[in-house]
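S.K.: Between the sequences and the hints, there should be enough to build the whole structure, so can you do that?
All letters in the sequence shown, in the order written, are residues -25 to -1, 1 to 270 by mature numbering (1 follows the signal peptide of the UniProt record, and there is no 0).
No wet-lab data here; the hints were simulated from the structure. Any given hint might turn out to be false.
In silico DSS-like cross-links for lysine-lysine, where the CA-CA straight-line distance does not exceed 30 angstroms [what the hints assert, rightly or not]: (1) K216 <-> K83; (2) K184 <-> K111; (3) K241 <-> K111; (4) K111 <-> K200; (5) K216 <-> K184; (6) K184 <-> K241; (7) K216 <-> K9; (8) K9 <-> K83; (9) K9 <-> K111; (10) K200 <-> K9; (11) K9 <-> K191.
What follows is a set of in silico ranges between Cβ atoms, one per label pair, in the way DEER data are often shown [as the list claims (entries may be wrong)]: (12) P202 <-> A140: 40 to 46 angstroms; (13) P146 <-> K9: 32 to 38 angstroms; (14) R24 <-> A108: 24 to 30 angstroms.
Note that CB positions come from ideal geometry on N, CA and C, so glycine has one too.
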Amino acid sequence: MTHLRHILAGLFAIGVSTSCAPAFAEATDSAKYKLTVCADPANLPYSNRALAGFENEIARVIAADLQMELDFFWFPEHQGFLRRSLLEGLCDAVMTVPASLGVVATTKPYFVSSYVAVTRASDQRRFTSFDDAWLKDARIGAQLVGKEGATTPPAMALGRRGVDAHLELFPMWAEDESANPQGEIVTAVATGRIDVAFVWGPFGGYFAKPYGDALKVEPIAGDPKSPEQPFTYPMSIGVRKSDVALRDRLDGALARHGDEIQQILKAHGVPLVAEQSSKPLIEQASSPASSTSTR
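M.R.: Spelled out as C-alpha cells, the structure:
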C-alpha cells in the first residue's frame, strides 16, 4: 500500500540500474536543500496533486524537521513507477514501500497495515475467516492489481476454496486523475451491490470512513491454509541504495515525529496493526504497493 500494489504487478524494478546521479545532495549546517518526493497525482489516501494524502502530509512533517524545501515529482504508480522515477534520479524518496523491498534502501517501518474485509453494519454476517460458510453464497469484491491483472492474497485465498461463483474483480487504477477507482469496491458494499469487499487496508479504511458506522472494516490476519502468504505488511520510506545518508536522516525525522505521523495515518482511515513475521518481498506473490513498492 500506493502504495496497493503487488509483486506480480511490480517486480519490474528488479535489476534496474541505480547508477544514476542522485537528486539529493548532503546538507551542510549552512545550507538548505530540497527534498523531492516521488508521488502519484491521483492515489488517495496516499497522495494527490492537492497534497491531501497522508504521504503528502508526512513528507511535509519530515521536510520541516530536516529544514529542507519540499517538492513532488508526479508519476502514476501503475506505469513503471520506481524504475521511471526514483531509480532514474528524478526524486529522492518514495514515501511508502514494503520494508523488505530489496531494490531500494528503506527506513525503519513507520506503519504496519493489512488487507481488510469491509461489510455493512446492517448485515449480521461477519467475516471471521475465509472458511466462513456464508461466503459461498455472498457477492464478493476483490481488487485487481496493475494492467497485468494480478490478484491479491484475499482473492487467492478465495480461489483455494473455490469461492468464486459470485466474485467481482475491481481494478485499482484509472487513466483519469479525477477518478477514484480504489474507492469503487467500498462504495459497492455501501450501496448493496456486493456483500463484502476484500481490499488493501489503507484503501478500505479511507473510503469507508465517510460512511461512518454504516460500514465495518476488519483487518485480516492471514489464511491458515496458506500460512506462508502474508496479509500484513510493514511500510517504510524508500531511497536509492546509494543514498544511505539520506535514509538515516529520514529515520531520525520519523523517530522524532512518530506520534504525529500515527495521527496523520489514523486521520486518513489507515488501519494500523501489529507487525507479523513475513518473507522477503521477492518471495511474496502479492504484496501491497509493489508498483512503488502494492502501494
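S.K.: So, for every hint listed, does it hold in this structure?
M.R.: A quick look at each hint next to the structure:
no., hint, result
1, K216 <-> K83, "holds (14 angstroms)"
2, K184 <-> K111, "holds (27 angstroms)"
3, K241 <-> K111, "violated (33 angstroms)"
4, K111 <-> K200, "holds (17 angstroms)"
5, K216 <-> K184, "violated (37 angstroms)"
6, K184 <-> K241, "holds (10 angstroms)"
7, K216 <-> K9, "holds (19 angstroms)"
8, K9 <-> K83, "holds (22 angstroms)"
9, K9 <-> K111, "violated (53 angstroms)"
10, K200 <-> K9, "violated (48 angstroms)"
11, K9 <-> K191, "violated (41 angstroms)"
12, P202 <-> A140: 40 to 46 angstroms, "violated (26 angstroms)"
13, P146 <-> K9: 32 to 38 angstroms, "holds (35 angstroms)"
14, R24 <-> A108: 24 to 30 angstroms, "violated (45 angstroms)"
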